[in-house]
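Listed below, chain by chain, are the residues.
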Amino acid sequence: MPTATIPAPPLLDSLPEGSVEVVEGLDQPTWIVRRDALAQVARQLRDDPETQFDLLLDLCGVDYPDRDERFEAVYHLYSLPRAARLRLKVPVLEDDPVLPSLIDVWTAADWFEREAWDMFGLRFEGHPNLRRILTHEAFQGHPLRKDYDPARRWILTEDKIYKPNPQPTGSESVDDMFERMTINIGPSHPAMHGTFRVVATLDGEVIVASEVEIGYLHRCFEKMAETHTWQQVIPYTDRLNYCSSFINNVAYCRTVEKLMGIEAPPRAVWAQMILSEFSRIMDHCVCNGSTLVDTGALTNFWYMFQPREEIYGLLEACCGARLTVSACRIGGLLEDLPPDFEARCRHLLETVPEFIDDVDKVVTKNRIWLDRSVGVAAISAEEAVDHGWTGPCLRASGVDYDVRRAYPYDLYGEVDFEVPVFQGGDVFDRYRMRMEEIHQSLSIIRQLLDRGMPDGPYIVDDPHVALPPKEDAYNQMEAMIYHFKLIMDGIQVPPGELYHMVEGANGELGFYVISDGSGKPYRIKVRPPCFPIMASFSHLMQGGTISDAIATLGGLNIIAGELER
Amino acid sequence: MSVALAAMLAKIGLWVAVLLAVTPVMAWVERRGSAMIQDRLGPNRVGPLGLLQALADAVKFLFKEDLTPSAADKPLYYLAPALAVVPALTTFVVLPFGPEIEVGGETVKLLVADVESGVLLFLALASLGVYTLVLAGYSSNNKYSLLGSVRAAAQMISYELALTLSVVAALVPVGSFRLDEVVLYQVEGTWLGFLPHWNVFPQFLGFLIFLVAAFAETNRLPFDLPEAESELVAGYHTEYSSMKFALFFMGEYMAMATLSALAATLFFGGWHFPGIDYTGHWAIVALKGFSVLFAKVAAFMLLFVWVRWTFPRFRFDQLLRLGWKVLLPLAILNLVVIAALTIGGVL
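Here the protein sequences line up with chains Y and A, keeping their order.
565 is the number that the working numbering gives the last residue of the first sequence; the numbers go up by one with no jumps.
347 is the number that the working numbering gives the last residue of the second sequence; the numbers go up by one with no jumps.
If we strip away everything but chain Y, and leave its shape as in the complex, we get (with noise of 0.2 Å):
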């Protein structure tokens, strides 16, 4: 079993008495607080300078219908100055499902909260804006209650439903309403990449109010995995942010493997680094590429897909896929490497750098991009983490902090890297902020081919948890029970709770996993980096063009497959 590594934060005294229990968690410090005390305990955390809780990662609802207070709502938090975490478990009745709303403390509680109350009817009072986020308007019940039946099916007709209409605040004049034109930009949009919504109000080109609607790729992420073994939620992970899916699946494949206590083998962690950092280079390329067509340069966008072409070469060598590549397994590896792996890495780490130095050399100081990109669009560092970002885009604002860093997971403690952070949070320095991860990205794996390929098993040798080779399954009387057990059973997984995060292409990627020891995942949560990025795209498009608003969004990275699950 792991223990946590991560340091408490001191119990403030100022606290109300009894409004916090202190509990050990696996992973993180954990409290469980009295719901009518939150809203005090949320800010004192945020304000007092011993804790300085500023970011808030992520906000769920977990449902346990035998427990006399059915529903928690969780609170993932961190704090930037302190490097600290904190889980806050908050138990509410079932008849009663009603918390204060957090978004005056951060601002990025705006579509977690909303989230919370669609999938599990948890109710914050004061959220100025609590409706189904992710769901269609029509829909009934919350489906992640665990007595939703999965199987119901509803009819959702388009009347009666919400209309976005949004209006600037403060007082206007009837005649201004006149000039005004309300435009829906998507969800079948050519800039949208994905499939949401943005309604803007505009004067003249001048967006003056804005609502962003999502949920049309929603697809049960979280309550398909609760009906699969372990095992098989890893495809489904592929279709989080499918542009880095072998990402997704380390971060997966960690978090089940840190809850059970397994590590996979050096070969295996060796690999899935290297990977991801690919993974990453493609993710970067495709967000910069989608940046530039959407400002009009589509050349670029070639020439950057060019390296994510052969980059899908080398993950289709390794595993047969592509775009969803389920290369992972927990435990380790699908397969061992092909033989010429490192050939091919280091054939890579030679062709990727000349496009996007291409790119580098059309795009980048070139003054219309420049005009297009400097100072657009901008959001200071105190805002971008009041609304939960991070990742590229929030240190393209400042703040230095990059999970691989602050908690070196797999190797990256061992590899000499640079974390690039820029001042302005603008378009540009998102762009750059890409490119230079990119470089990055390339450098770190060029440290690890020359470590050299460990030797060694590439999954562990472990037959609960890895199916044994198909000759012995075929031929010896155990590996086959072995494999038919992992087959029909899945992975045993002990009971217990973990959130652990790699650094996504865009942001905090993490997982919180709930087992109840039946072999089946009691409850998944994925925090999104997108998803409180695109919260605050309404913010900041505030008072910005059209083109603007374009030009934005494609740096945002906002992958619609991660955002709605």
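Because the hints were derived from the structure by calculation, they are not lab data.
Treat the numbers as computed from the prediction; the structure is a model and nothing was measured.
Beta carbons: idealized from backbone N, C-alpha and C, even for Gly.
Check each hint, because a few of them may be wrong.
One-sided and incomplete, this derived list gives chain Y residues near chain A with beta-carbon spacing under 7 Å [claimed, not checked]: (1) 98; (2) 183; (3) 190; (4) 191; (5) 205; (6) 206; (7) 294; (8) 295; (9) 296; (10) 297; (11) 299; (12) 319; (13) 369; (14) 372; (15) 546; (16) 547.
Given the structure of chain Y, go ahead and fit chain A onto it with the hints provided.
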């Protein structure tokens, strides 16, 4: 049939044929050219080198379903695509494509309409192009189309000023609105003894202004804001399909060809190229003149393609700022300087 009438019909026939051929040829050049720039292959299946691709496209356009939005303003909706092509076809009447030739004892000027105010006619016809975009966007009854046409109107008006002023500056030393005289002015003599007497050398600034304004007038990247496919879906022609869409497509390429030809005529000596002997049989002379002009137009067209696949797009306010705050003052300055130099006898 008199020689004059035959010559006139031949000239009109030639231009119409050339202009109608511009679109398919340019579509191929554009697609193969962009593919070359973007490290792709481009269409290479239909015919040798994919040359017949344009034919396949044309057939496709003809057979696509022709949709009309039910809420569209129908007369204007049908008129707009026609307007896209007609001015672009007409403007060529004033462009000379060769020196005067003697056919059967009669002098024939190698241009269709020999009018006193040739350039003015050209500009007047060319600026009709804005009506296409405005009407198309307005009549489609679509918000994106409307935004596109609002952009188009503002953009065309802004850049037409700079364009016209740079054209006027090129006419000042010539002292005539007739484009054949503009060419004749550039034929005689040299600059500094070795450069051809083309306007581009003394008026390089004017040429640059003209070029930038021409990109804006033809709605090509980096000035393709009325279309701006990533922002406005397809801008003013969002609702158009089938052959109506193809007419916008043709109009755009013809407008490119028109402005390329004007640039070649005003700044690069039109049909003239140093070292080519324009005497001899009239047919040979006409062919030489036409080929030289054609080559110059082709070079400009390639430049259009090259630029399109290299630059990002402006934002609307930046585009207007460039037009009003940079190009217009520069164009006025250019005009004043050229006028002073002309009065001073330098040009």
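Practice prompt. Any hints from earlier that this structure breaks? Give me their numbers in increasing order, please.
Written response: 1, 6 and 12
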